[in-house]
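With chain A fixed as given, assemble chain S onto it according to the hints.
There are 2 protein chains.
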Amino acid sequence: MYYLGIDLGGTNIAAGIVDEEMKLVYKTSIPTEAKTGVENVIARMADAAKAAMEGFGITIQEIKSIGVGTPGAVEPGTGVVIYAANLGFKHTPLGKLLGEYFPGTPVRVENDANVAAWAEAKCGAAVGTANSVTVTLGTGVGGGMIINGQLYSGFNGMGAELGHMVIHENGRPCGCGRKGCWEAYASVSGLIATTKEHMEVNPESLMWKIAGSLEKVNGLTSFDAMRKGDEEAKKVVDKYLDSVACGVTDLCNMLQPEILCIGGGISKEGDTLLKPVQEYVMKEMFARFNDTHTEIKIAKLGNDAGIIGAALLGA
Amino acid sequence: MYYLGIDLGGTNIAAGIVDEEMKLVYKTSIPTEAKTGVENVIARMADAAKAAMEGFGITIQEIKSIGVGTPGAVEPGTGVVIYAANLGFKHTPLGKLLGEYFPGTPVRVENDANVAAWAEAKCGAAVGTANSVTVTLGTGVGGGMIINGQLYSGFNGMGAELGHMVIHENGRPCGCGRKGCWEAYASVSGLIATTKEHMEVNPESLMWKIAGSLEKVNGLTSFDAMRKGDEEAKKVVDKYLDSVACGVTDLCNMLQPEILCIGGGISKEGDTLLKPVQEYVMKEMFARFNDTHTEIKIAKLGNDAGIIGAALLGA
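In the order they appear, the protein sequences are chains A and S. Each number in this note's numbering corresponds to the 1-based position in the first sequence with 84 added. Each number in this note's numbering corresponds to the 1-based position in the second sequence with 84 added.
Take the hints with a grain of salt, since some may be wrong.
It does not matter which identical chain is used: a pair holds within one copy or between any two.
Claimed, not checked - Straight-line alpha carbon distances no greater than 30 Å define the calculated BS3-like cross-link-like pairs of lysine-lysine that follow:
no.: 1; residue 1: Lys381; residue 2: Lys263
no.: 2; residue 1: Lys174; residue 2: Lys381
no.: 3; residue 1: Lys381; residue 2: Lys367
no.: 4; residue 1: Lys381; residue 2: Lys312
no.: 5; residue 1: Lys318; residue 2: Lys263
no.: 6; residue 1: Lys318; residue 2: Lys359
no.: 7; residue 1: Lys174; residue 2: Lys367
no.: 8; residue 1: Lys263; residue 2: Lys367
no.: 9; residue 1: Lys352; residue 2: Lys206
no.: 10; residue 1: Lys206; residue 2: Lys107
no.: 11; residue 1: Lys293; residue 2: Lys319
no.: 12; residue 1: Lys300; residue 2: Lys323
no.: 13; residue 1: Lys319; residue 2: Lys263
no.: 14; residue 1: Lys280; residue 2: Lys263
no.: 15; residue 1: Lys323; residue 2: Lys263
no.: 16; residue 1: Lys359; residue 2: Lys206
no.: 17; residue 1: Lys263; residue 2: Lys359
no.: 18; residue 1: Lys111; residue 2: Lys352
Hints listed in this document are in silico derivations from the structure and should not be mistaken for laboratory results. Keep in mind the model is a prediction, meaning the values are calculated, not measured.
Same shape as in the complex, but just chain A (with noise of 0.2 Å):
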């Protein structure tokens, strides 16, 4: 038997076939046309589906269960996503409707960066353990929290908002409405925003001949410029990953779980990024004083972990 993961993004929408071993066998994506509606784009899902279980030679009596890893906040265990804007939900049962494709195979419904979350503890960075954490450092800060075994997204679904915690009282103005979250200053915008910043102050910096311009920097401009001994690009980086770590610390702090791992894009850096914040963590956090405290790591999944950790909400 096989376990089928959708993984729906704005732009696409990728299934895959994970086994019972929870690799991922096959994946396969289509795009979302999120403007035809969401009937047609439920439509679509079923299709990337089936095309899932054509491509790797299966039929849907050899899928257990079927998952779905989708934008937006969903009802804790009815399958219902409250609201996700650029996929037009609102109080839309997503389970119900896409199951309508698939008779008789249960779906489940959770938010994308719980599902990944939820990747990683099952066969990825935190496995082993009842209690993790991942983090997702991409253009935002999100994440999900795994606790006592199952995932935790508060009593309506709306929790596990890991980038919407201040972590600068009345600081940058955050998507969210409120000012200074960690998301500001830990996502890709907000390195992106730093390395601007010091750019503007320190003209002879190496950062501006590897951007080209203020309006080509990326999340590469100031870690691969301090590679090359830039030191304006350093300030950049370990202010960045203060910042980080602060967060996670934050997060050490009141949930102390057994494994933290931090995954998206600026992960790719692995030790670059890791160490450092394991030394501030291990400076900081309450529990440092402790036989046993949080273990900081890289995820391991990539963006795979959507389509794995939808697959393997039914396992």
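Quick look at chain S alone, frame taken from chain A:
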């Protein structure tokens, strides 16, 4: 049948009897005499428990279980106190040692702040939900969280340190070693620090008259002066309430409990504290546009939360 609760403090040991309707029907207290050593403290806990039973006129046969709220971190499920400096506990099997005085009666041990949260969840302001958070604004900022009907304090019991998330990166030094923790602003000590800062800037403020001197400033100084129309005091209170609400919003965004209640000395301010915090949260919380979201309340059980929650660990 009854439950027996022990609230172990650095100065006093309070013990009480809770009936099956979850009412505290009797309480008593004796000095802890912490300096006399671990064995003696535990013997005194047993004495306090016996005094409570005698005082209420029941025997150990009528006690279903004994619960203890203790300072320090407690290993989940084992009754072992990992560390509590003031009491000399270090990997102390408190549950087992106390149990030797009451053979056959189950003894459960949890951290005191967690126990208070448990009390509010069982019979206080957070009744009727499986997901709640209680924040205690006292000398420090403590608290506990109930997730899916269970107390959660991290895989090792070192979590739920709600006061030690940073809201001001590089801000005020905190006792925990970090800078800018919520506790440094939202605790009574934080409020006193802010009050003093403003008094020093404004020698005309009524706060000087009310307190007498900087040394005599307490948690009421600014609130009392504000009520008498002092502008500077209002600034202090507004700043304080913003800091309280900032951390509360962080907790809502992360945990989205159904109920979050605020206890501790300052919660006696009632609506003066609650209304502005509720307003702030409803402006900033991620779930503010959702049909359902965290409800912010004042905790109900006051100083008795410790005994009641301890007693109800077995309920």
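Give the relationship of Lys318 and Lys359 under a CA distance limit of 30 Å: within one copy only, between copies only, both, or neither.
within (15 Å within a copy, 45 Å between copies)
Classify it for me, Lys381 with Lys367: is the Cα-Cα distance of at most 30 Å met within a copy, between copies, both or neither?
The answer is within: 17 Å in one copy meets 30 Å, while 35 Å across copies does not.
With identical chains treated as interchangeable, where does the CA-CA distance between Lys381 and Lys263 reach 30 Å or less: within a copy, between copies, both, or neither?
both (28 Å within a copy, 24 Å between copies)
Pop the pair Lys206 and Lys107 into one bin, within, between, both or neither, using alpha-carbon distances up to 30 Å.
within (11 Å within a copy, 43 Å between copies)
Lys359 and Lys206: within-copy, between-copy, both or neither at 30 Å Cα
Answer is within; shortest intra-copy Cα gap is 24 Å, inter-copy 43 Å.
For Lys319 and Lys263, with the copy left unspecified, which applies at a CA distance of at most 30 Å: within, between, both, or neither?
both (23 Å within a copy, 20 Å between copies)
Homo-oligomer pair classification [Lys319, Lys293; C-alpha up to 30 Å]
within (17 Å within a copy, 48 Å between copies)
Could you place Lys381 and Lys312 in one of the four classes (within, between, both, neither) given a Cα distance threshold of 30 Å?
Answer is within: at 26 Å inside a copy they meet the 30 Å cutoff, but 54 Å across does not.
Which holds for Lys111 with Lys352 at a C-alpha limit of 30 Å: within a copy, between copies, both or neither?
within (22 Å within a copy, 58 Å between copies)
Quick one: Lys352 to Lys206, C-alpha cut-off 30 Å, is that within a copy, between copies, both, or neither?
Only inside one copy: Lys352 and Lys206 sit 21 Å apart there, 45 Å across copies, limit 30 Å.
If the cutoff is 30 Å on CA atoms, where do Lys300 and Lys323 land: within, between, both or neither? Let me know, please.
within (21 Å within a copy, 40 Å between copies)
At most 30 Å between alpha carbons: which applies to Lys174 and Lys381, within, between, both or neither?
The answer is between: 29 Å across copies meets 30 Å, while 36 Å in one copy does not.
Going down the numbered hints, you'll see the structure goes against none, and every one checks out.
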